[in-house]
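K.L.:
One-letter residues, chain by chain:
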Amino acid sequence: MFFTRKKNRIEEQTNEYLEAAKKCKDAFLEGMEYFVEHGVVDKEYILFVQKVTKYEGIADDLRDSIARKMYEDSLIPESRGDVLAFLETFDRIPNRMEGIVQFIDEVNLAIPPALLDEDGEFFTREIRKLCMGVVTTFELAIDSGRCFFTEPQRVREYTVAIDRHESDCDKIESALKRYVFHQKDFSDLQKILFLDLLERVGDIADMAEDFQRRIILLSLKNLY
Amino acid sequence: MNWQLASGVFLGWSLGSNDSANVFGTAVATKMVRYGTAVSLCALFIVLGAWLEGEAGFHRLSSLVSQNANEVFFCSLAAGLTVTIMTILALPVSTSQAIVGSIFGVGVASGKAVDLGGFGKLMICWVGTPVGGFIVAVILYRLAGWLISRFQFNFFELDWFLRWGLILSGIYGSYALGANNVANVTGVYVGAGLLSVEQAAIVGGLSIASGVLTFSRNVMMTVGKDLIPLNGLGALVAILSHAIVVHFYAQFGVPVSTSQAIVGAVLGVGMLLGRRIRYDKLRRVFQAWIMTPMIAGFLTVIFIRLFL
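Chains as they are written, first to last, in the working numbering: chain R, 21 to 244; chain V, 36 to 343.
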C-alpha cells in the first residue's frame, strides 16, 4: 500500500495464531506416525500428546486475546464479525487434533501386533495416508486463512486443492473402515474404537473444507 | 445581548442535537467511535465551519421577509420547537425547512411582502439535495470500490481505511453542517440588525455545538443504521457524499437539509448494494419533511397573532 500504517496487535496475533495452529498440526502428525509405527500408547507417545496440547493451548489463548482486542483496537463491526467467524470455524480443527491424540491415550488404543508387520501393511500404510491427507488439507486451510487477511482475492485459489484432498481422505477413511470391520485381528471393542478414531481423523479434512467455504464468502464480501 | 437571541440559540441547540447524527451517527451506533469523541469533534468543526464559511447563507435568509426583532424571536422559537418535537420523535428533521417555514409564517402573519422567487429557489435546492446526495454517493462508491480493488487493500488495511475514513468524513460533515446551517440559526438576526455577520457566525456555531454536546444521542441511532443496512464502505460513502452536497450549497449561501442529503446518499449506496429499503422508515422521514415547514409556519403565525 502507498501509505504507511502501523500494524495493530490483532494483525500480529492472527499471524501468531496461525503459526501456533501449524505447530499443533506438525505435532499431531508426528504423534500419529509414532502411534501407527509402534501401535501402543507409551511414554514417548504421551510426549507427543503433551506437545499437541501445548500448541493447541497457545492457539486458544491467542484466539481469546484476539477476540478481546477487537473491541479495544476498534476494528469496525464488519471486521469484528469476520474475524470472529474465521476463528470460530478454524479453531475447531486444532481442538479436534488435540481430541484425537488424547482419545488414543485415554482408551489406551492399541493396534493388533499382527497388523504392524508386513501382513498389516495395508492398514498402517492407509492410516498414514489418511493422517497425511487430513494434515495437508489443514495446511492448505492455514495458507488460505493467511490469504484471507493479506490477499483476499486469492482465497478461492485453494478451494480446488482442499476439495480434492478432502475427497481423497473420504475414500481412504471409507476403505479403512471396511478393512477394520472385516479384519479378524480386531476384537469387537477395537473395531468400534478404531471406527471412532477414523471418523475423528477424517473430520479434520471435512472441517478444513467447511472453513474454506466460510472464508470464501467472507472474502467475497470485502472484494469491491 | 438582546433577549430575542434566546430563541435563536434554542433553534441552534435543536439543530445540533438533531443533525449531528447525520455525520457521526453511523460511527457511534456501530461503536467505531466513542460517543464522547464524536460529539467533541463534531462541535469543534461545526463552530469552525460556521465561522469560516457561514456568511453567504445569512444574506440569503434575511432577504426572504423583512422582520423586526420580536418577529425574529418568534420565528426562531417556532422553528426550534418544531425541530425539538421531531428530535424527541427520533426523526431526522430538516432545520432549513423549519426556519424557512417559520419565515414564511412571519410573512403570512404580518402581511409583509414575501420574496416568493427566493422561496421558490430554495425549494428547488431542497429537491436537489437528496438527488445530489444520491448521485454523488453512486459515483463515490464506484470510485472507492475501484480504488480498493486497484490497490488490493488487505483485511487490516481496509479496516484502517474505513475507520479513519468515517472519522474524517464525520469531521468534514460537521464542518459543512456549520458552514451551511448556521444561517438557519442566526441569519434572521443579521437581517433584523441584531447581530453582525461575525457575531451571528459565532453565536450560531456555538449554539449548534451545544446541542451536539448535550442532546444528540437520541437521533444518532436512526439514520444509516436504521434506514438501510450498509457495509462499512457504504456508510463512509454516504456520509462523505452528504457532506460534499451540503458544502457545495454552502458556497452559494443556500441552507439545505443535511438529513435529506444523507437519506439520498444512503438510498444511492443501498441500491448499489441491492439492499432492502425499510420503506416504513422512509415514509416517516418523508412525512417529517412535509410536516416540518407546515408546523413551523403554523406555530409562527400563532405566536405572532397571540403575542404581537
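Calculated from the structure, these hints are not laboratory results. Owing to the predicted nature of the structure, the values given are computational and were not obtained by experimental measurement. Where a beta carbon is used, it is the ideal one built from N, C-alpha and C, also for glycine. Hints may contain errors.
Claimed, not checked - Under 10 Å between C-beta atoms, here's a sample of chain V residues computed to sit facing chain R:
1. Lys66
2. Tyr70
3. Gly71
4. Arg177
5. Ala179
6. Phe188
7. Phe191
8. Trp195
9. Leu197
10. Thr249
11. Asn253
12. Asp315
K.L.:
None of the hints should be skipped; say for each whether it holds.
P.N.:
Hints versus structure:
With a cut of 10 Å, the hint placing Lys66/V at the interface with chain R holds, because the nearest CB-to-CB distance is about 7 Å. For Tyr70/V, the suggested interface contact is broken, since its CB lies about 13 Å from the closest CB of chain R, more than 10 Å. Checking Gly71/V against chain R by beta carbon gives a least distance of about 14 Å; that is not within 10 Å, so the hint is violated. The closest approach between the C-beta of Arg177/V and any C-beta of chain R is roughly 9 Å, which is under the 10 Å cut-off, so the hint is satisfied.
Evaluation of the Ala179/V hint against chain R yields a held restraint, the C-beta minimum of about 7 Å falling below 10 Å. At about 7 Å, the closest approach between the beta carbon of Phe188/V and any beta carbon in chain R falls short of 10 Å, and the interface hint on this residue holds. Hint on Phe191/V holds. Least Cβ distance to chain R is approximately 5 Å, under the 10 Å limit. A hinted interface residue such as Trp195/V counts as satisfied when its beta carbon comes closer than 10 Å to some beta carbon of chain R; here the least separation is about 6 Å, so the hint holds.
About 5 Å separates the beta-carbon of Leu197/V from the nearest beta-carbon of chain R, less than 10 Å, and the hint is met. Here the hint on Thr249/V is broken, as its CB sits about 25 Å from the closest CB of chain R, past 10 Å. With a cut of 10 Å, the hint placing Asn253/V at the interface with chain R is violated, because the nearest CB-to-CB distance is about 21 Å. With a least beta-carbon distance of about 24 Å to chain R, the hint placing Asp315/V at the interface is violated under the 10 Å criterion.
Checked against the numbered hints given earlier, the structure breaks hints 2, 3, 10, 11, 12 and satisfies all the rest.
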